[in-house]
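Trainee: In order, the protein sequence lines correspond to chains A and B. Start counting at 1 in the first sequence, then tack on 14, and there's your number in this note's numbering. Start counting at 1 in the second sequence, then tack on 17, and there's your number in this note's numbering.
Quick caveat, the hints were computed from the structure, so don't treat them as lab data. Computed from a predicted structure; not experimentally measured. Just so you know, not all the hints are guaranteed correct.
[As the list claims (entries may be wrong)] Which stretches of chain B does chain A cover? Using the computed rule of at least three CB atoms under 8 Å from a CB of chain A, they are:
| # | stretch |
| --- | --- |
| 1 | 27-33 |
| 2 | 218-228 |
[As the list claims (entries may be wrong)] Now the in silico label distances, taken between C-beta atoms and shown as ranges:
| # | chain 1 | residue 1 | chain 2 | residue 2 | range |
| --- | --- | --- | --- | --- | --- |
| 3 | A | ASP24 | B | ASP374 | 42 to 48 Å |
| 4 | A | GLU28 | B | SER171 | 44 to 50 Å |
| 5 | A | GLU66 | B | PRO354 | 52 to 58 Å |
| 6 | B | THR183 | A | ARG64 | 45 to 51 Å |
| 7 | A | ARG64 | B | VAL271 | 53 to 59 Å |
| 8 | B | ASP35 | A | ARG64 | 28 to 34 Å |
All C-beta atoms, glycine included, are put in the ideal place defined by N, C-alpha and C.
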Amino acid sequence: MLPDRPPFEDMYREFLGRIYAYVRSQVGTSADAEDITAQVFMNAYQAYGRFEARNTTPAAWLFRIARNATLDHFRAHGRRERLRRTIEHQPQVEEDPAGEAEDRIRYRALMAKVAQLSERQRDAISLRHSGLSFDEVGKLMDCSEDAAKMLYHRALRALKDAVQREGV
Amino acid sequence: MSEHDEDLELQAVQRQLDDAFQTTRPRRGFEDDLWLRMQASRPATNRLRDAIAGLLQGIREVPAVPAAAIATLLVVVIGVGLLAYSGVGRTRGGGGAALSQTAGGESRGSDLAAGDFGRLPSPVFDDGKQVTVPAMTGSPPQFAWSGGLSVGASTAPVYRYREPSTNVADQFASSLGAVLRERPQGVLGSYSTSTYILNIRPTIQRPVAGPTYFIISSPSMPPVDAAGAGPADVATIFLAQHSLVPDWAYAVKVDAGGDPVKVLYARQFDVPGYGAASLVDPNGDRYGVEVDLKGNRPILVTGMLPVSLDAAGYRIVSPDDAIRPLLSARPTNAASPPPTVQLTQAELVYVLVPAGDHSFYEPAYLFSGKAQINGATVTQRVLVAAVDPSQRTG
């Protein structure tokens, strides 16, 4: 029996936060992350009629759209955006408009460290911690499951070293 | 370093990453805003088709209905649908004013019957706590309170509203001339006019939020004709044109630092002996009605759905008594000295406490201060319930 296609709204409610977190780990500002996330779901909404649950999971389908939208964003904004991302992806203090809780500041600092990894390492970390299996990560990154695991563990070590060196 | 030690460190980083990805979420309201934008992007013919499909589904459940009757009904529905989507036949009733009048009708504290609502549910903030405590790295923080706040009142009004029904939402929409499109799950109603989509949501528990309306403008929404006016004036004109200017007390704040420009009408409750107390969310942020503007064109309005409020007076504790349990709490198993949050300011505020059929706006204290984290000074805020514990459940 073929897997049923979940109602789009269910997918939307289930994945919006995860997709946003993935995109936010890639780009410099929450405003950009919202714009890209909106584009992801607009694209998904329009392409939903072509989504076939027997070929892929909703997560893999949506994260592929998210990854493409993020890459499109970088292509459109080029090096300047990458530089801005590195600079701006820092924990905000004092000016933090919501006076956010410390854990958010700490996690934002950790996300900044993720953003400073190489593109493939960053992708491996972000996709994996967005809840995808190594098999799904590998498929999205055009490599085998084993290669995805290896890439992820290298990225994790690099991240740990950066955290120990510079703190979060 | 041994392999075992490194594995432990890697696992710690993995846990932090899990937490970071699970707590990185878009701003409040983004989910609904985007959903509405997606809905608004659908062609009107699709929306009408869905409405007819829904109707047919209902008719199929009544097998005795003759085919001719179905055909007649369909003609009527399609006709009404076309009229609705073309904007013909929309009316602007006076219901908005009437609803608004009921919305702000909170009583003065001096007129209130004490404790009329019985024991109140306690506010529950993040993680089920009855205070908002900022999470710190490693161990829980210690708090110190060196400020002073004279409230000037030993009782404060508590407000209660009945959870609005779809009828209430429909009346509100009707007062704006909006036509019902559908009732998606978790939404009281989704409506449309020729220039915007209106969505009305009931009270929700997580994140805590009261009944809310969202107006998402379509590209045909005209800019407000007010050359030279500032954002606050433009927003107020727009609200006035739609009978949406709050009739409760508010303070206007303009955030012109981003795009869109945001104009906030932050709701306040009057507390006899104290003055205006702002309504805040679990993060301590003020809210009420917010108008997002691109130039003179409103693109999103997020506001509290007008509901009737009952009021009753309740005994409140002083800020010093309210914060005391937090000050005496001692961190356990702290491997390193916990950070200290030096709270220096406090104000009386109101928070929403959802409680099923009826929900409450209850007084609370919002403390704020500074902490040193990794050499940086960060602002911290803590919310603590103000109603006397003997008058609260839990």
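Trainee: Looking back at the hints listed earlier, which ones does the structure fail to meet?
Mentor: 2, 3, 6 and 7
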